[in-house]
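From first to last, the protein sequence lines stand for chains E and W.
Going by numbering that gives the first Met the number 0, the first residue of the first sequence is number 0, and it counts up by one from there.
Going by numbering that gives the first Met the number 0, the first residue of the second sequence is number 0, and it counts up by one from there.
Just so you know, these hints were derived from the structure itself, not from any lab.
By construction, the Cβ of each residue, glycine as well, lies at the ideal position given by its N, Cα and C atoms.
Some hints here could point you the wrong way.
[Claimed, not checked] Every beta carbon over 10 Å from chain E, so not counted as near; a handful from chain W, in silico:
(1) G16
(2) A50
(3) R151
(4) I157
(5) P158
[What the hints assert, rightly or not] Each pair of labels, with its calculated beta carbon distance range:
(6) W:Q59 - E:K194: 28 to 36 Å
(7) W:T56 - E:D177: 35 to 43 Å
(8) W:H44 - E:E64: 26 to 34 Å
[Claimed, not checked] No more than 30 Å apart at the CA atoms, straight line, and that leaves these computed lysine-lysine pairs for BS3-like:
(9) E:K90 - W:K65
(10) W:K65 - E:K81
(11) E:K90 - E:K194
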Amino acid sequence: MTDPGQPVHDFRELLTGTTRHLACGADIDELLEQAADGHAGQLTGHQRHCLHCQAALKEFSRLWEPVRSLAAENVAVPATLKAAVAGQIRKLIADVRYTLHLSDSGAIRIAARVVATIARDAARTVPGVRAAFGRSTTASPAGKTNLRHHHPHAAAGVLGRTAVVDLAIAAHYGSQLDAIAREVQQRAIADLRAKAGLHDVTVNVTIDDVIT
Amino acid sequence: MGTEVDDAYLVRRAREGYVDAYAELVDRHGQLAYRVALRLLGNHHDAEDVAQEALVTAWQQLPRFKANSRFTTWLYQIVTRKTLNRITRTRATESLDLLGDISATGDEPGQQTERNLTADAVTAAVAALPPPQRIAIVLRHFEGLSNAEIARITTNTIPAVRSHLFRGRRTLGQTLEQWR
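Excised from the complex, chain W in its bound form (with noise of 0.2 Å):
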């Protein structure tokens, strides 16, 4: 069941130990957390390690989180910092299999891979971004945030996270102006 009431009143209720009112928050957000693993990694398994790790962490410091700042905005962050950590780890995606996303689009099968090689190229693109670079692309442009949203979760000034925006965007038009 669906409920109507909003993310203030679920984390309320999951801080005091209302573990289905988590339950409600996880089915609402997330796909946010998968969706910006994904963007930012590149590959559909570290994603849900994140995602899973991410939302595992959110309710173990559910008693830190500020009642004050919205659910979504600590999420973001969240699993921006699970990601930066995955990365520092590993240092590589490997795995770009991103063409299972988007294989119901009911286009004819040449247009078909021509979506997914384009997809691929702009995931292989995006994931070969410093990291700074890359989460603020994911968040602006794939996420649709703010500058300063981007600010709040990144811990950045606003300046920084327009520099970071310039130079992820050259970086990535040159990328794309190459496959042309």
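Isolated chain E (complex conformation) (with noise of 0.2 Å):
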């Protein structure tokens, strides 16, 4: 047993030792954890009188450093994770796309989730509107889900120009709500006219959450 007054200096056998505990009784993985999360500086009321564990906590606290200037980097996101995580998601669901243009030299489509973007963007352009969030397809998180079935008015409409497009709107609290809604639907429907083209436009406007 080390002698009390004495404080350890071989740090290495007290991590591969099977000991526990130092000379004055503290446990090491606990000085190990205190030091590691930054806290060696914090001293309890044992800690403030004992060699040992000052010694301990200084030399765990250096011994650490490397490992706490690692987590203190910043990690740069790939630029293309974002892109290649919508690109399998808009695999998985069953996009629709509006043909706007059907003749003997081909056809014009526009997919559904460019109206709903262009929908989403005209809304978060309306005085009062903290968020907003478009839908107009059938997509649904496993794509296994025909929104249809819960939601009796989503967007699936692919014949000829007409488009349904559904709007989720957070607004700021105590905007006049109505007019904010209508307000959100004639921009959109102003838009998807002036940028895809689509004439036949119904867009539905729910409010469902207000921020103060």
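Bring the two chains, given one by one in their own frames, into a single complex with the hints.
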């Protein structure tokens, strides 16, 4: 047993050995935890007077510094990650396309998710809208459930130039919600006509949350 | 556009098929998925694959997500499981290309090399830990999670998490000691 008056200096032995306690009785693993958590400077009553604990905390803290340093490094996300995830999800869901023009020269179609994006972005320009999300397909997690079962007005119009878009809106608390909803509808319809050439457009607006 | 709504709102909308609500969740937490995978696996390529798989799986399994839990806890769970599968399949983390990660710290070249070597060494030491210890160490000391959170993520008891942490710290400490 180590003399309680002589602090231990061989810390490798402390970590590799089977002993779990310093000569003063302090638990080695708890001291290592304290140091690893960056609390080596927050001494307990015992530690304030114990040279064993103070030496161990100092040493463990120095030992752990490279780990803390790496943990503090910012990890940059690969630029391709988000697009790759979106691409895989698109494959999982049956995305519909609106046919804008069909002739002997070929067909012009626009994906329903693009239609939903145009409507959503238009909604986000309306004062009082804090968040807006658009849906215009039968998309659902797992790609199995047809939303029309759950939501009779959900969009899936694929004929001619008719489009149906659902917009879920979180509005600023205190705003006049019906006015916001009408403005969202008008702007979404106008943008879908101007940007996608869709003339028969139904935009269902649901304000499902308010944010203070 | 970043929105001001919370994760629970985004999860509800995503479950209803609003794909752009899920895209917002990926925007917010894609880094978490990649960062944890990187720390657990030690190389960028596998980490990107695992993060991607985890985020797509999370989308597919949204109907099974329990509304009373946090999306991030659930994502940690999926990432760690995917990582475990990857470790079991490959049983090796060959490339330690973390250098690109920390190349813009503004240090002089000499300091930079030293930092990179240290980062590589720590990464190698973490990656050499047995998976349960590695997961506990990464979640606690790289992600700053509590033992209770780690227990929920790994479906372990808190004493089991503490035990993995104790053993992981000792092993890591011994390796770090050898470099000094």
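Hints versus structure:
{"no.": "1", "hint": "G16", "in the structure": "violated (4 Å)"}
{"no.": "2", "hint": "A50", "in the structure": "violated (6 Å)"}
{"no.": "3", "hint": "R151", "in the structure": "holds (19 Å)"}
{"no.": "4", "hint": "I157", "in the structure": "holds (14 Å)"}
{"no.": "5", "hint": "P158", "in the structure": "holds (13 Å)"}
{"no.": "6", "hint": "W:Q59 - E:K194: 28 to 36 Å", "in the structure": "holds (31 Å)"}
{"no.": "7", "hint": "W:T56 - E:D177: 35 to 43 Å", "in the structure": "holds (40 Å)"}
{"no.": "8", "hint": "W:H44 - E:E64: 26 to 34 Å", "in the structure": "holds (29 Å)"}
{"no.": "9", "hint": "E:K90 - W:K65", "in the structure": "holds (25 Å)"}
{"no.": "10", "hint": "W:K65 - E:K81", "in the structure": "holds (24 Å)"}
{"no.": "11", "hint": "E:K90 - E:K194", "in the structure": "holds (25 Å)"}
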